[in-house]
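Number of protein chains: 2
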Amino acid sequence: MLCESATSTLQPDKLITGPGIKQLEKSAAETLFVAIEPWVSNFGKVNLLLAGMVGSNLGWREAPYLSCPLDARRIGCALLVFEERGHRVAIVPGVSCVNALGQPDVMRGEETQILGWMSQNPESLGGTRLLCLPGTHTKWVQLADGELQCFTTSLTGELFSILRQHSVLIPQQDINRVPDFHADSFRQGVRVAIEHRSDLLHAVFSTRVRGLIKKDEFFDAGSYLSGLLIGFDVQSALNTYQDSNGIVELIGAGDLSGKFAMAIEQMGYRSKISDGNQSVFAGFAAIAAGVQH
Amino acid sequence: MLCESATSTLQPDKLITGPGIKQLEKSAAETLFVAIEPWVSNFGKVNLLLAGMVGSNLGWREAPYLSCPLDARRIGCALLVFEERGHRVAIVPGVSCVNALGQPDVMRGEETQILGWMSQNPESLGGTRLLCLPGTHTKWVQLADGELQCFTTSLTGELFSILRQHSVLIPQQDINRVPDFHADSFRQGVRVAIEHRSDLLHAVFSTRVRGLIKKDEFFDAGSYLSGLLIGFDVQSALNTYQDSNGIVELIGAGDLSGKFAMAIEQMGYRSKISDGNQSVFAGFAAIAAGVQH
Numbered sequence: 696m697l698c699e700s701a702t703s704t705l706q707p708d709k710l711i712t713g714p715g716i717k718q719l720e721k722s723a724a725e726t727l728f729v730a731i732e733p734w735v736s737n738f739g740k741v742n743l744l745l746a747g748m749v750g751s752n753l754g755w756r757e758a759p760y761l762s763c764p765l766d767a768r769r770i771g772c773a774l775l776v777f778e779e780r781g782h783r784v785a786i787v788p789g790v791s792c793v794n795a796l797g798q799p800d801v802m803r804g805e806e807t808q809i810l811g812w813m814s815q816n817p818e819s820l821g822g823t824r825l826l827c828l829p830g831t832h833t834k835w836v837q838l839a840d841g842e843l844q845c846f847t848t849s850l851t852g853e854l855f856s857i858l859r860q861h862s863v864l865i866p867q868q869d870i871n872r873v874p875d876f877h878a879d880s881f882r883q884g885v886r887v888a889i890e891h892r893s894d895l896l897h898a899v900f901s902t903r904v905r906g907l908i909k910k911d912e913f914f915d916a917g918s919y920l921s922g923l924l925i926g927f928d929v930q931s932a933l934n935t936y937q938d939s940n941g942i943v944e945l946i947g948a949g950d951l952s953g954k955f956a957m958a959i960e961q962m963g964y965r966s967k968i969s970d971g972n973q974s975v976f977a978g979f980a981a982i983a984a985g986v987q988h
Numbered sequence: 696m697l698c699e700s701a702t703s704t705l706q707p708d709k710l711i712t713g714p715g716i717k718q719l720e721k722s723a724a725e726t727l728f729v730a731i732e733p734w735v736s737n738f739g740k741v742n743l744l745l746a747g748m749v750g751s752n753l754g755w756r757e758a759p760y761l762s763c764p765l766d767a768r769r770i771g772c773a774l775l776v777f778e779e780r781g782h783r784v785a786i787v788p789g790v791s792c793v794n795a796l797g798q799p800d801v802m803r804g805e806e807t808q809i810l811g812w813m814s815q816n817p818e819s820l821g822g823t824r825l826l827c828l829p830g831t832h833t834k835w836v837q838l839a840d841g842e843l844q845c846f847t848t849s850l851t852g853e854l855f856s857i858l859r860q861h862s863v864l865i866p867q868q869d870i871n872r873v874p875d876f877h878a879d880s881f882r883q884g885v886r887v888a889i890e891h892r893s894d895l896l897h898a899v900f901s902t903r904v905r906g907l908i909k910k911d912e913f914f915d916a917g918s919y920l921s922g923l924l925i926g927f928d929v930q931s932a933l934n935t936y937q938d939s940n941g942i943v944e945l946i947g948a949g950d951l952s953g954k955f956a957m958a959i960e961q962m963g964y965r966s967k968i969s970d971g972n973q974s975v976f977a978g979f980a981a982i983a984a985g986v987q988h
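Sequence lines, in order, name chains V and D. Under my numbering, the residues of the first sequence are numbered 696 to 988, in order. Under my numbering, the residues of the second sequence are numbered 696 to 988, in order.
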């Protein structure tokens with residue numbers, strides 16, 4: 696949940712964090728007002744602009760999805776606006792589509808990030824772009840002439856996390872330590888993905904067996920698993936979105952984006968990394984600038 | 696862990712169960728002798744024939760792997776034999792191979808099941824057979840003229856279980872109930888696997904979104920997820936082992952094997968189900984009959 700007073704200057708150093716949707720102990724509204732108490736003390740009445748799961752059916756109020764294809768600049772015209780405790784609240788709608796696999800797909804929050812990225816990269820309004828927003832639920836997004844054409848959600852991050860914690864793939868002693876990153880093991884995972892792209896379910900057990908039989912001189916199961924999953928993810932996406940001009944625009948945290956960049960490079964493509972937080976702030980700023988809410 | 700007195704008649708109704716390798720609170724040996732106390736009381740000294748994780752480096756004593764290709768009847772010639780508390784103990788070796796993806800792979804316990812199935816299906820000693828042993832770690836096994844040629848382990852069962860328990864894919868209220876089975880939702884999952892066989896990571900999020908947007912008149916997320924995973928698993932295996940004569944020999948529990956049979960049929964292949972417990976007993980019997988241990 697991200698929010699900011701639209702009347703103050705938007706700056707990353709004003710970031711306030713609070714519990715996510717699955718960690719709420721009170722209602723979304725109460726949790727929000729606890730988190731932003733410093734702003735309310737400072738500014739009095741504030742205009743709140745919210746995006747993400749706060750607008751889902753598990754959040755505060757449901758902001759209906761806009762459908763693709765969608766002019767991203769239209770997102771700011773479809774805010775769900777209401778008043779709470781004397782403050783004006785606006786929730787950014789999510790976006791839905793039928794994805795490249797013919798399946799229904801949704802995003803909430805990423806649309807604001809994408810809009811922000813577009814406002815920071817105005818040349819992106821012409822031609823096609825393939826965006827990748829790595830995360831728990833990685834989004835692969837096709838832009839064409841400033842329109843959000845279609846996107847696909849991949850379970851990469853969540854799958855890595857639960858396989859690491861709950862499967863037999865990772866050695867017991869590694870489960871609770873902070874994961875290191877070993878580039879060689881990661882690249883081996885990517886290589887297996889490249890060679891066997893239709894076989895994730897069959898390839899992933901090799902994470903366990905490689906450690907067991909000590910085939911490799913040095914082997915880090917976590918980095919290998921990360922390489923496998925990111926490798927399969929990138930491989931699928933590049934196969935699906937073939938008209939990406941050979942470059943992937945990564946929007947997200949630097950360390951995770953860096954791993955996607957490695958896999959993309961290993962497959963002979965290029966990428967460019969943009970900071971995910973900066974994109975969110977730019978997205979909120981773009982919406983706030985366009986709306987008297 | 697399965698064991699039986701080789702000197703008594705082997706019968707399924709003499710099954711005794713105890714904790715698996717991950718649930719051990721005492722040493723493997725102590726746990727075993729607690730479990731088989733009724734046999735020891737009844738028979739005195741017993742000959743113990745053990746297979747499975749008891750022979751792994753996490754088990755009691757490590758029985759080295761035999762390598763593929765392997766005449767399955769040789770398994771009984773490579774038992775690890777020792778004495779404990781005056782009883783004779785023999786542990787069946789596991790089997791290793793380089794699988795169809797070029798990755799190292801291992802099995803422990805399934806070799807005994809396969810040997811048992813072969814002894815019950817002597818016609819299998821000629822020609823090629825594709826066996827599938829559905830389970831936590833599903834094994835796909837290629838037999839040729841009675842030789843174990845190669846096998847591949849798939850994470851199907853474990854992945855289903857941890858995605859069901861720990862991911863956002865399954866609605867909260869369904870996580871702790873006993874899963875029902877809804878054939879229509881299952882078949883939808885298989886269909887998506889058939890149509891998009893290289894995209895498991897991208898397809899699996901549809902489990903969540905289909906429930907969210909209520910695209911389907913009736914939708915059971917668990918059955919759909921099961922169909923997706925089993926569908927991807929079967930699809931990969933049929934693609935890998937194309938010389939399977941169009942028939943898959945399923946060896947395992949009836950309900951799970953039945954789901955694999957549904958997916959196999961949906962892909963235009965045939966299957967035959969053999970009871971997994973009967974195969975284990977037949978395997979122990981075959982080994983015990985061939986060895987004075």
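Heads up, some of the hints might be wrong.
No more than 20 Å apart at the CA atoms, straight line, and that leaves these computed lysine to any residue pairs for SDA-like [unchecked claim]:
{"#": "1", "chain 1": "D", "residue 1": "Lys717", "chain 2": "V", "residue 2": "Lys721"}
{"#": "2", "chain 1": "D", "residue 1": "Lys717", "chain 2": "V", "residue 2": "Arg859"}
{"#": "3", "chain 1": "D", "residue 1": "Lys909", "chain 2": "V", "residue 2": "Gly781"}
{"#": "4", "chain 1": "D", "residue 1": "Lys909", "chain 2": "V", "residue 2": "Lys740"}
{"#": "5", "chain 1": "D", "residue 1": "Lys717", "chain 2": "V", "residue 2": "Ile870"}
{"#": "6", "chain 1": "V", "residue 1": "Lys717", "chain 2": "D", "residue 2": "Leu907"}
{"#": "7", "chain 1": "D", "residue 1": "Lys721", "chain 2": "D", "residue 2": "Glu779"}
{"#": "8", "chain 1": "V", "residue 1": "Lys717", "chain 2": "D", "residue 2": "Asn752"}
{"#": "9", "chain 1": "D", "residue 1": "Lys909", "chain 2": "V", "residue 2": "Gln867"}
{"#": "10", "chain 1": "V", "residue 1": "Lys717", "chain 2": "V", "residue 2": "Cys763"}
{"#": "11", "chain 1": "V", "residue 1": "Lys721", "chain 2": "V", "residue 2": "Asn737"}
{"#": "12", "chain 1": "V", "residue 1": "Lys717", "chain 2": "D", "residue 2": "His861"}
{"#": "13", "chain 1": "V", "residue 1": "Lys717", "chain 2": "D", "residue 2": "Gln860"}
{"#": "14", "chain 1": "V", "residue 1": "Lys740", "chain 2": "V", "residue 2": "Val729"}
{"#": "15", "chain 1": "V", "residue 1": "Lys909", "chain 2": "D", "residue 2": "Gly949"}
{"#": "16", "chain 1": "V", "residue 1": "Lys717", "chain 2": "D", "residue 2": "Ile857"}
{"#": "17", "chain 1": "V", "residue 1": "Lys909", "chain 2": "D", "residue 2": "Phe876"}
{"#": "18", "chain 1": "V", "residue 1": "Lys740", "chain 2": "V", "residue 2": "Gly781"}
{"#": "19", "chain 1": "D", "residue 1": "Lys967", "chain 2": "D", "residue 2": "Ala984"}
{"#": "20", "chain 1": "D", "residue 1": "Lys909", "chain 2": "V", "residue 2": "Val729"}
{"#": "21", "chain 1": "D", "residue 1": "Lys717", "chain 2": "V", "residue 2": "Gly906"}
{"#": "22", "chain 1": "D", "residue 1": "Lys909", "chain 2": "V", "residue 2": "Asn752"}
{"#": "23", "chain 1": "V", "residue 1": "Lys909", "chain 2": "D", "residue 2": "Leu753"}
{"#": "24", "chain 1": "D", "residue 1": "Lys717", "chain 2": "V", "residue 2": "Asp869"}
{"#": "25", "chain 1": "D", "residue 1": "Lys909", "chain 2": "D", "residue 2": "Phe876"}
{"#": "26", "chain 1": "D", "residue 1": "Lys909", "chain 2": "V", "residue 2": "Lys909"}
{"#": "27", "chain 1": "V", "residue 1": "Lys721", "chain 2": "V", "residue 2": "Asn752"}
{"#": "28", "chain 1": "D", "residue 1": "Lys909", "chain 2": "V", "residue 2": "Gly906"}
What the hints contain is simulated information worked out from the structure, not anything from laboratory work.
A quick look at each hint next to the structure:
Restraint check: the Cα-Cα separation between lysine 717 of chain D and lysine 721 of chain V comes to about 38 Å, which exceeds 20 Å; the hinted pair is violated. Distance restraint check for lysine 717 of chain D and arginine 859 of chain V: the Cα-Cα separation of roughly 16 Å lies within the 20 Å cut-off, and the hinted pair is therefore satisfied. Simply put, lysine 909 of chain D and glycine 781 of chain V have alpha-carbon atoms about 35 Å apart, too far for the 20 Å limit, and the pair is violated. Of the pairs offered as hints, the one joining lysine 909 of chain D and lysine 740 of chain V is violated, with about 39 Å between alpha carbons and a cut-off of 20 Å exceeded.
Between lysine 717 of chain D and isoleucine 870 of chain V, the direct Cα distance comes to roughly 15 Å. Compliance with the 20 Å bound is thereby established for this hinted pair. In summary, the hint linking lysine 717 of chain V to leucine 907 of chain D is supported, as the alpha carbons are separated by about 16 Å, within the 20 Å threshold. For the hint linking lysine 721 of chain D to glutamate 779 of chain D, the alpha-carbon distance of about 16 Å falls within 20 Å, and the restraint holds. With a CA separation close to 39 Å, the supplied pair lysine 717 of chain V and asparagine 752 of chain D exceeds the 20 Å bound.
For the hint linking lysine 909 of chain D to glutamine 867 of chain V, the alpha-carbon distance of about 40 Å lies beyond 20 Å, and the restraint is violated. Distance restraint check for lysine 717 of chain V and cysteine 763 of chain V: the Cα-Cα separation of roughly 27 Å exceeds the 20 Å cut-off, and the hinted pair is therefore not satisfied. With a C-alpha separation of about 24 Å, the suggested pair lysine 721 of chain V and asparagine 737 of chain V falls outside the 20 Å cut-off, and the hint is violated. Restraint check for lysine 717 of chain V and histidine 861 of chain D: satisfied, since their Cα atoms lie roughly 12 Å apart, inside the 20 Å limit.
Between the alpha carbons of lysine 717 of chain V and glutamine 860 of chain D the distance comes to roughly 15 Å, so the proposed pair stays at or under 20 Å and holds. The straight-line distance between the Cα atoms of lysine 740 of chain V and valine 729 of chain V is roughly 15 Å, inside the 20 Å bound, and the hint therefore holds. Straight-line distance between C-alpha atoms of lysine 909 of chain V and glycine 949 of chain D comes to about 36 Å, which puts the hinted pair past the 20 Å bound. Between the alpha carbons of lysine 717 of chain V and isoleucine 857 of chain D the distance comes to roughly 18 Å, so the proposed pair stays at or under 20 Å and holds.
For the suggested pair lysine 909 of chain V and phenylalanine 876 of chain D, the alpha carbons sit about 40 Å apart, so the restraint of at most 20 Å is broken. Taking the CA atoms of lysine 740 of chain V and glycine 781 of chain V, the gap is near 7 Å; set against the 20 Å cutoff, the hint holds. Of the pairs offered as hints, the one joining lysine 967 of chain D and alanine 984 of chain D is violated, with about 27 Å between alpha carbons and a cut-off of 20 Å exceeded. Using a Cα cut-off of 20 Å, the hinted pair lysine 909 of chain D and valine 729 of chain V is violated, with the two alpha carbons roughly 34 Å apart.
About 18 Å separates the Cα atoms of lysine 717 of chain D and glycine 906 of chain V, which keeps this hinted pair within 20 Å; it holds. A C-alpha spacing of about 13 Å is found between lysine 909 of chain D and asparagine 752 of chain V, which places the hinted pair at or below 20 Å, so the restraint holds. Distance hint between lysine 909 of chain V and leucine 753 of chain D is fulfilled; the C-alpha atoms sit about 15 Å from each other, no more than 20 Å. At most 20 Å may separate the alpha-carbon atoms for a hinted pair to count; lysine 717 of chain D and aspartate 869 of chain V meet this at roughly 16 Å.
Of the pairs offered as hints, the one joining lysine 909 of chain D and phenylalanine 876 of chain D holds, with about 18 Å between alpha carbons and a cut-off of 20 Å not exceeded. Taken as a hint, the lysine 909 of chain D and lysine 909 of chain V pair is broken in the structure, with Cα atoms around 47 Å apart against an allowance of 20 Å. A hinted pair counts as satisfied when its Cα atoms are at most 20 Å apart, and lysine 721 of chain V with asparagine 752 of chain V qualifies at roughly 16 Å. Of the supplied pair hints, the one linking lysine 909 of chain D and glycine 906 of chain V is violated, its CA atoms being roughly 43 Å apart against a limit of 20 Å.
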